[in-house]
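Chemist: So the sequence lines, in the order shown, correspond to chains A and B.
The end of the first sequence is residue 273 by full-length UniProt numbering, with every number in the run present.
The end of the second sequence is residue 297 by full-length UniProt numbering, with every number in the run present.
These are calculated hints, taken from the structure and not from any lab test.
From the three backbone atoms N, C-alpha and C, an ideal C-beta is built for every residue, glycine too.
Be a bit skeptical, because a hint or two may be false.
Said to hold, decoys possible - Below, computed lysine to aspartate or glutamate pairings styled on DMTMM-like, alpha-carbon distance capped at 25 angstroms:
1) B:283 - B:235
2) B:204 - A:272
3) B:132 - A:76
4) B:147 - A:99
5) B:4 - B:109
6) B:132 - B:58
7) B:132 - A:99
8) B:4 - B:285
9) B:204 - B:173
10) B:204 - B:174
11) B:4 - B:173
12) B:260 - B:193
As the list claims (entries may be wrong) - With beta-carbon atoms standing in for the labels, derived distance ranges:
13) A:170 - B:280: 49 to 59 angstroms
14) A:174 - B:218: 53 to 63 angstroms
15) B:125 - A:171: 27 to 37 angstroms
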Amino acid sequence: MTRFLAITRAEMLILRRNRWLLVATLIMVLFALALTFAGSAPTGTLGVDMLTVSVASMTTLSVYLAPLLALMISFDSIAGDVDRGSLALLLSYPSGRGEILLGKFTAHLAALAFAMTVGFGTAGAVAAWFGGAGPESLMALLRLILTSILLGAVFLALGYLLSALARGATAAAGLSAGLWLVFVVLYDLGLLGAVVMDQGGTFTRSVFPWVMVANPADAFRLWNIAATEGVAMASGMTGAAQALPVWAAPVSLLVWPVLGFVLAWAAFRRVEP
Amino acid sequence: MTDKALTIETLCKDRGPIRVLSDITLHVAPGERVALLGHNGAGKSTLIKSILGLIPTDGGTIRIGAAAPGSAQARRDTAYLPEAVSFHPALTGREQLTLFARLSGERADVPGLLERVGLADALDRRIGTYSKGMRQRLGLAQVLLGKPRVALLDEPTSGLDPISRQDLYAIIDELAGQGAAVLIASHALTEVEARTDRIAILRKGVKVADDTLANLSALAGLPIRLRVRARENADALAARLGGNRVNGASVELLCSPADKMEALRRIAAMGEAVADLEMTPPKLEDLYRHYARETVQ
Ligand SMILES: Nc1ncnc2c1ncn2[C@@H]1O[C@H](COP(=O)(O)OP(=O)(O)OP(=O)(O)O)[C@@H](O)[C@H]1O
Ligand SMILES: [Mg+2]
């Protein structure tokens, strides 16, 4: 029953030993602090506290960084073991493939959660100290951290999927970069193009918000924006959030990790060590 | 059937259009050590991976005891040493072996096992700093976890120094002594000749031989080599015995196992003319050459 925890322990050791945890946490702290200070100028004009503005900037940051960090750990997980030849040995032990994947996922998610919490937490504390915070902005910070972990979970699972499908770790790295580009950059550009072409037609009003929320990265953004008026104002993106029911973004962001994990597991079952 | 630890019946495996294992039947009893020989690409590793249930097969059956390959029971009962074994370079030997012990659900004396394979000094060093032979020993240590009913060793001596090879075969003997069926894929003919009970030879995915060394020799009818050293006149000796002159003073003749005693009597009858006699029965190397070359068995 607890065999997956043995894998988790080993994976945690690896993340600590190869400094991934340290580097990822440092990156999160530095970027979050930089954004908090850079974004502190317009506080007065919007009439919200500094933490609110900081959360809005960090939301934008997290859309890029959470998937990137997640893919950076996960792309190697299966393809790397196949390349090294250690997967065959691992699979000759009584642990099933589901347990192996779950063990890795647990360790990687814990590492991501640590980096996110420390990074956003530090920046949030600094913003609150210098520019004030209220119950609402503290909630927004908490929401940002939790949804960032969820977003990371999505891309961890998708990273495993690519790692299982790719022939070799190098190919998996390339595929991961492509996946990141599609979900985080190209998808939105495509939607933007469609909206411009549509010129406020039915697509823009009824289809577009749903297509948008189907992308986990956009769902993450919408969830954080829709939930807090202050954050929505600070990020200037209220239109799409208002067109959708409140449950749309949370459902998307909660379904994606499960879906991704199941897909990764199905692909992993076909991998020949 | 159940007195066999490992049962393989008419196993087939296709890789695209190529049949890499065809109709392999092989049984290994508890405590038996079987060498699996064959040229590069003969299908040895494929056979071992099939037994582990790591790759799908295309016909035939495999049983570990009574369990199907890849089942939880089968995985508990088997130990495996992959060819060119490798581990995550960031873990230490102790951490890696602890992981395997936890996965197998055994209470294991990890430092003791590592000492057993001569890694006591490298216990807490990263595997990335290990030499090839040290990694191979770590692989061997995990074979000793638990009490396997079937041990599958794919080229276990590759990368090991001569002393380590001795240690390895001592460990194999111990495994067999505990009742494990041991299957060893290898290219080291002289080693397996001395240290295994039975020999199976694969050729292009077909099993061309499977018997004890003595029976294989008899079956192949390979000649015994007699080298007779003459006291004075080697030419005269060659003329009387009917062999070939080699290196000045000696005569070499080949005879079948059945004619061996007759030849010895003739040589003994020549009395003083013979200074020395050397007899070489066919080696596994000759047998291997014979079976691996033969067109159809
Ligand atoms: N993943 C694979 N995909 C396609 N063909 C494969 C694969 N693995 C092995 N083969 C083929 O199967 C055949 C048997 O390979 P196998 O690795 O079992 O040989 P082997 O007897 O272990 O050789 P060696 O002594 O070199 O280790 C070879 O022809 C090889 O090309
Ligand atoms: Mg091989």
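Chemist: Now, for every hint given, state plainly whether the structure supports it.
Modeler: Hints versus structure:
1. B:283 - B:235: Given pair residue 283 of chain B, residue 235 of chain B is violated - Cα atoms ~28 angstroms apart, limit 25 angstroms.
2. B:204 - A:272: 21 angstroms, holds
3. B:132 - A:76: Cα-Cα ~23 angstroms, so holds.
4. B:147 - A:99: Status holds; Cα separation ~23 angstroms.
5. B:4 - B:109: Status violated; Cα separation ~30 angstroms.
6. B:132 - B:58: Not OK: residue 132 of chain B and residue 58 of chain B at ~35 angstroms, beyond 25 angstroms, violated.
7. B:132 - A:99: 30 angstroms, violated
8. B:4 - B:285: Cα-Cα ~29 angstroms, so violated.
9. B:204 - B:173: 29 angstroms, violated
10. B:204 - B:174: 32 angstroms, violated
11. B:4 - B:173: 18 angstroms, holds
12. B:260 - B:193: 22 angstroms, holds
13. A:170 - B:280: 49 to 59 angstroms: 52 angstroms, holds
14. A:174 - B:218: 53 to 63 angstroms: Holds - the Cβ-Cβ distance for residue 174 of chain A and residue 218 of chain B, about 59 angstroms, lies within 53 to 63 angstroms.
15. B:125 - A:171: 27 to 37 angstroms: 32 angstroms, holds
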